[in-house]
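**Q** Chain by chain, the residues:
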Amino acid sequence: MWSDLITQAILISVVAGAIQNTTPILLAALGETISECGGVKNMGLEGTMMIGAFVAFMATWWTGSPWIGALAGAGGGLLASGILVGLAIFLDVEQIISGLAINLLATGLCAFLYKVSFPSASPPSIAIMAPVSIPVLSDLPWIGPILFQQKALTYLALLLVPAIGVLLYRTRIGLELRSIRENPLVLGSRGLSVKARQAAAVFACGALAGLGGAFLTAGSAVRFVPEMVNGRGWLAIIAVVAASWRPAGVLAATFGFALLDSLQLHGQGVGIKLPYQILLAAPYVASLALLAFRGRPQASRRRAASTA
Amino acid sequence: MTVEAALASERSRIREMATWGRLALRVPALTLLLAVTSIAGVFWIAGADIPAAFAALAEGAFGSQHAILETLTRAIPLMLTGASVAFAARARLWNIGAEGQLFAGAIAGYAMARTVPAPGWIAFPMILFAGFAGGAAYAGLAGVLKVRRGVSEVISTVMLNYIALLVLSLLLLNGPWSDPGSAYEQTALVPKATEFPLLAAHSHLHAGLLVALAACAAIHFIIGRTSLGYDIRAFGLNPTAFAAKMGNSSRLVLIVMAISGGLAGLAGVGEVFGTHHRLLSGISAGYGYTGISLAILVRLNQLGIVIGSILFGGIVSAAIKMQILAGVPSAASYLIQALILLAFLVAGAAWERHQGGRGHVE
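First to last, the protein sequences are chains A and B. When the letters of the first sequence are read in order and numbered with our numbering, they come out as residues 1 to 308. When the letters of the second sequence are read in order and numbered with our numbering, they come out as residues 1001 to 1362.
One or more of the hints may lead you astray.
[To be verified] So the derived list for chain B, only partly shown, Cβ under 8 Å to chain A, looks like this:
id, residue
1, His-1277
2, Leu-1280
3, Tyr-1289
4, Ala-1349
Honestly, the hints are just simulated from the structure, not real lab data. A quick note: this is a predicted structure, and the numbers were derived from the prediction, not measured. Backbone N, C-alpha and C define an ideal beta-carbon position, used for all residues, glycine too.
Kindly produce the complete structure, drawing on both the sequences and the hints.
**A** Take a look at the structure:
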């Protein structure tokens, strides 16, 4: 009886934790979905998230409001993606190189600015967002504590999944954007600017990845460490590739990674006796397995055959 | 486009670049201008005296015999990771995993030294071999994922970086190799006989420098003078045409990834047996990632890698001087490297655009 209750409590906290952990990866992955639909691979997602996390931390520290922090984080991500817009879209530098440049810059910039801002040894801490219980729904058994006692940014991320699905696959904007990936000449021949649309998509991607990064600080941790993004940006890219740019699939893949992450945090409670390094490595190994064993759709196989 | 046509067009492009060469001097000049301006901005943000900070940077990197030896020591892993990334990129493979392959090489080299005790003169080549093999096998994993399952090497190598770090941590923290007398993630010191010989007294400069220089020369030779190099260049220019005309592109991808990973693995054993004399989790100061910057910065040229790695090694080894003499946090050194890369990308692309604009009069 008691052990049942404890098991139930642990299960709920694992899944609720997984949904919270989904938030940063999902936000970044939704951004990447938009960007890749426009034919621009943003390989700088990791660095963009790092900048978002750092800017959100600083803004929250200055203003005391994690909300202003989150907004600032999104702004920081938007600025960071300006590098990709400038280099890859307007100066024709290879997309991969431009994205990697963001990562390299972010690592140096965040570590440097953090040291300049806080030269003393004692690390500062910030106020973070409180969970928002949705009335009535949060009282439901199981579902309530899992889904309806989350942070506001988590609700936002989940709502963005259908919203971005509609935007990309049911609107004119989405159609124009996707046509760029298929054939950039189509829009150009109609006198519409390819570059303007790509730039907008990349900026949207940067803002969402920045917001995802902001969730890591203003949303969930009182301190900033440069390593805190820890591959989430890359996992987000993998989720997008594995889901073939479908937001629902992106949600499923990011939730899978987050669940493994959450199991690691609650590993002992669930009775997992493995060394913690193996649990930490699980999302990375799973992501490789996901890429290796996904059923490749016919279209992409044809494209792969013609380009590879 | 056939491979012959692709190579012919490359040749004509090189001829074009030669006539364009005198003008191209303006790209380094523009890069320098942008880099110096932005680095001055970094010093300004740090609240430092800007000329004094530049002086500390120069002095810390190349200001004395000691500084130069230290800079060269720092350049060794960068030369190898830079060569690793640049070599793979010749075949249009982006190896972002030099960091993980460095770890894999370090682990394999250490395992070799631990299990097969040997006198110094034979331990040195054995450790080098193990390091190369470890890095090659680890990068080969990404190669297999690419040719068998179509997984992009960019993504798989990054994931393997994170995994390698955790494997090392598993081995070191309460693992079979952990140093019983220490709370850090590290092994005990390696036997004296297995340490790489020093090249200069009272310094850390070890024989890894010769290995790195030889590796760069070997890669330069392979690319320019062998049939493998010809294949790599052809594949890099047009993989489809290569597969159609010349055959086995899967084999080529595996070979390139293995050699690329092997170079990074050599950097790993250099750090274990040359610099730290033990295996520890902090064995790489992001050398694998800096190698990417370097490779791009020198346009994949092996001679450029040698010079570039000494420059970047200087920036890293000057970090302490900058902190002490000018009050710039040592973390600035990575920012400075990234700014140099960005300055180069902007200068190069802007200049090409400018040239292109003049070329086509519409």
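**Q** Work down the list of hints and note, for each, if the structure agrees.
**A** Now for the hints, and whether the structure bears them out:
1. His-1277: violated (24 Å)
2. Leu-1280: violated (15 Å)
3. Tyr-1289: Since the shortest Cβ distance to chain A is 6 Å, the answer is holds.
4. Ala-1349: holds (4 Å)
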